[in-house]
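Produce the entire structure from the sequences given, and follow the hints as far as they go.
Protein chains in written order, with our numbering: chain A, 1 to 328; chain B, 1 to 148; chain C, 1 to 494.
Just to be clear, a hint being listed does not mean it is correct.
[Said to hold, decoys possible] Quick list of in silico lysine to aspartate or glutamate cross-link-like pairs, DMTMM-like style, CA-CA up to 20 angstroms:
#1 A:K186 <-> C:D455
#2 A:K117 <-> C:D199
#3 A:K157 <-> C:D455
#4 C:K425 <-> B:E78
Please keep in mind that the hints were generated in silico from the structure rather than gathered at the bench. These figures come from a predicted structure and were not determined experimentally.
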Amino acid sequence: MTRAAENWCWRGHRRQVCLALAATFVAAWPVSSWAQDWPTKPVNLIVGYGAGGGVDQMARALSPKASEDVKQPFVVHNRPGGGGAVAAVSVKAAPADGHTLVLTTSTTFTFDHHFAKADFTVADFRHVAIIGQFQEVFVSHPSRPWKTLQDAIADAKAQSRDLKYASFYQLDRVVTALLAKQSGVKITAVPTQGGAGVVNAVIADQVDFGFTGGTWGPSVTSGTIKLLASAPRDPLKSQSQVPTLRQLGYDVETEVFVTVSVPKDTPEAVVRKIEATFNKAAGDPAYAKFCEEGLQVRHFNLGEADTKKALAEQSERYAKLVTAVGNP
Amino acid sequence: MKPSDLAAGTVLILLGLYTLFVVLPAQTSATGGIGLAPRDLPALATLVVIGLSALLVVQSCIAKLPGRASFWPASWHETLTMFVGFALALAGTLAFQFVGFIVGGAVLIVSIMLFMGERNWLRLLLTPTVVVGGMYLFVTRLLHVTVP
Amino acid sequence: MEAVIAGFGAALTPSNVAFVGLGVLLGYVVGVLPGFNRPTALALAVPLTFYMGPISGIAFLIGISKGSATGGAVSAILINTPGEASSAATCLDGYPLARKGRARSALLIALVASVWGDIFATLVLIALAQPLSRVALLIGPVEICAVLFFALTFIASLSGASLLKGLISAFLGILLGTVGLDAETGTPRLTFGQAELFDGLPLMVIAIGVLALSEMIVQMEERGQQQGTPLATGGDRLRAHEIRACVPVILRSSLLGTVLGVIPGLGASVASFLAYSWVRSTSSTPERFGQGALEGVAAAEAADNAVVPAGLIPLFALGIPGGIAAALIIGAFMIHGITPGPLMFLNHAHVLNAIYASMLLASVLMFAFGYFGSGLFARLAQLPLSVIVASVVFLCIVGAYIEGGTMFGVYLVLGFAVLGWLLRKFDFSYVTFLIGFVLTPTLELSLRQALILTDRNPYALLQHPIALAILAVTALAVWRMASRRRAVTGLATS
Chain A
1 MTRAAENWCW RGHRRQVCLA LAATFVAAWP VSSWAQDWPT KPVNLIVGYG
51 AGGGVDQMAR ALSPKASEDV KQPFVVHNRP GGGGAVAAVS VKAAPADGHT
101 LVLTTSTTFT FDHHFAKADF TVADFRHVAI IGQFQEVFVS HPSRPWKTLQ
151 DAIADAKAQS RDLKYASFYQ LDRVVTALLA KQSGVKITAV PTQGGAGVVN
201 AVIADQVDFG FTGGTWGPSV TSGTIKLLAS APRDPLKSQS QVPTLRQLGY
251 DVETEVFVTV SVPKDTPEAV VRKIEATFNK AAGDPAYAKF CEEGLQVRHF
301 NLGEADTKKA LAEQSERYAK LVTAVGNP
Chain B
1 MKPSDLAAGT VLILLGLYTL FVVLPAQTSA TGGIGLAPRD LPALATLVVI
51 GLSALLVVQS CIAKLPGRAS FWPASWHETL TMFVGFALAL AGTLAFQFVG
101 FIVGGAVLIV SIMLFMGERN WLRLLLTPTV VVGGMYLFVT RLLHVTVP
Chain C
1 MEAVIAGFGA ALTPSNVAFV GLGVLLGYVV GVLPGFNRPT ALALAVPLTF
51 YMGPISGIAF LIGISKGSAT GGAVSAILIN TPGEASSAAT CLDGYPLARK
101 GRARSALLIA LVASVWGDIF ATLVLIALAQ PLSRVALLIG PVEICAVLFF
151 ALTFIASLSG ASLLKGLISA FLGILLGTVG LDAETGTPRL TFGQAELFDG
201 LPLMVIAIGV LALSEMIVQM EERGQQQGTP LATGGDRLRA HEIRACVPVI
251 LRSSLLGTVL GVIPGLGASV ASFLAYSWVR STSSTPERFG QGALEGVAAA
301 EAADNAVVPA GLIPLFALGI PGGIAAALII GAFMIHGITP GPLMFLNHAH
351 VLNAIYASML LASVLMFAFG YFGSGLFARL AQLPLSVIVA SVVFLCIVGA
401 YIEGGTMFGV YLVLGFAVLG WLLRKFDFSY VTFLIGFVLT PTLELSLRQA
451 LILTDRNPYA LLQHPIALAI LAVTALAVWR MASRRRAVTG LATS
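Next up, the structure:
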């Protein structure tokens, strides 16, 4: 049995499986008539991160709205591992009929392969929608005498010492490697366990600063950590006074979208329907409010054309960045 | 001499050497990292396993044991049970994967019960019905998990 | 304390009691079933809390956390399959007890230990959250490293007959604990190109394979015998001297669980294994452990459950989420406009007190459900062996499948069942194997953090008096164990 068929058996629904197996083997007609009706059964939304994280919460916020819209349940499955790689691998192998979608971060496709090769590329999927963007920030303990990241770097330079920071994952190491290169200050990454680990290390003042993507909101509100800089191109939605890396004069930015993708052979008509479903669900003002106030995620609602373009640009930008700093 | 320890020690040394010289170089990188290189801890663990296994081999040669002992510590009955039990579990898993949750689960449970000498048809009927049926309803209806 | 009593007024509304009860019950069921873990149950439950008030919503989530920690012991004792990864240590003595016809006693001790560990840590949370959270800030990677080195010395006392073989098992566990993407460089390690291994081997899969499935295969050797496990002679009742022996164990383990729970990043699995090892290595009859010692069950469960409320201490006092469960609870707070952290004690004191009261209520309800449940579940142990073995093998497969959502985990479980069988037959300790595996990821990460933060300078240790003290205790423990072992072998040879 092929890997695709094997994986699909897993998804259940005996009769459709047989039907679909027949369809898979008669692959000459990728667009069979029944595939035009989407969805004909529950849709599996494979989330690349664990239950409870930001990506998962966005998936769980969208799925009831999408279910209501298309009259078939959207079932969230968490398949965490390798920054979304496990989920992407399993969806790549799933039948391209629009009933198995992967919801993960754009870096799964555009960035991670520079470090850990997995059996897929950005071109193995059609990226149907962008439903949000994480807002990465540099934070430090409130007792540190710095207003911005620039101050921290200048301070280290003046005292000719290294900076040590709590690191979230590879992306921030590439960014700080570039900052180090541009400023001449050595910046050492201290690996931590997830975004929560970064916040812990900063609150306990074990490091000079930290980099995190999602869990900074409550701690900033309660004053146990302070913001030094934001990493994406646009200033933070809620705290626009915090300078971006570009405003501080560094030629670098982070960009981590939350994306919805399907295998690349999914029929055009089905892709259009999925796109419309997600655009409608992500367009809901309640969802936007949940993203921005509950998760500190910038709300986005882009269709396939914009998503494709954004991911292509992102791939290129990250490839350049990785080459510029060398593999850190 | 304690032959089962000797056998285990020897196999562990060989596996350890294989891990150290073949698996680790292929599967880990020795460079990078400021604290520890990725290969450091697995290599250390493997080295310790090899060293301790060598000690075990020496110790097993010195140790005096009363009576006869063999290189394989399990009896024929135990070994056979392991192979059959493992084969049943594997067959059940394959049935679970390719035939489905309900049929695969029922086949697995009934075959293991038969292997264990169960001949009471009421038990043979009730166990799969209650266990597989109950789990199926709970998992799919209450927790909305998709199963094969 | 008075304020907490006032909080009971807000907590004891019928709807709140119902939500807490529902949460505990849901958590208990999820805990019993292997494969469904606490974060999954919480993630499913968080959307429901949108429609509840802040007190009910948070209490509901905390009820799930507490209930799952208690429920995990049931399957650990009855079928050697930890319902939650953190109950793996409960299997070690719980299952032998069930095999001796003492399932009900084991379940009861587990329940009492769980509820006590839980209430103790909840009271500590209420009384000492703010001062203790400051202590938590003093515990950095260097200190955690020292704690874990101390923990490793327990391996010696858990090794069984041969220290050498116990150590070999432990280092095999450490080797397997390094599988996955490397935390520092992000490069794959021992993954053989499998993306499923990028996040490492899941503890649940190893526990199901090495503990449960391999044990079931060993049980198949008893084929042809159709009666169920007979009740222990004299009936399955807890005797006064057994309860007396367990009381100090429960008190010590609750304290240990609370202390370890306050430190972000250690978690319940490490705590329950440590409590088990501690109690075993200080016992006057360590040889009973692993053969069905009630103290072993009591130690693991008290520590496991104490971690849940203790983990809320840094969360409530500082807004530090110790793990994913705490992160979800933060989310639930934020939805109701409350920011966890120091300000919560000032701005939302009444809500906090009502939450405290709800947590104590959850403990009481947990005891009620657990008491009823253990009576019910204990009867399952009397079923014929063939029924139990066949059903457990099935549950192992379902549990491994649900845990990861793919067949990959199921095949891993089958592989680890063979390893578990070999460890058993060749008389290598699977306990030290599991401990090595459980400790490795935290140990490696904190060791790396410590090396980076101290610039690999050993003199930097002088700035970490807590770590130095723990290392001194470690050295003392090693010296004492060595001299005790020499005394034993000396006696044997003379």
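Verification of the hints:
no.	hint	in the structure
1	A:K186 <-> C:D455	holds, 13 angstroms
2	A:K117 <-> C:D199	holds, 14 angstroms
3	A:K157 <-> C:D455	holds, 18 angstroms
4	C:K425 <-> B:E78	holds, 9 angstroms
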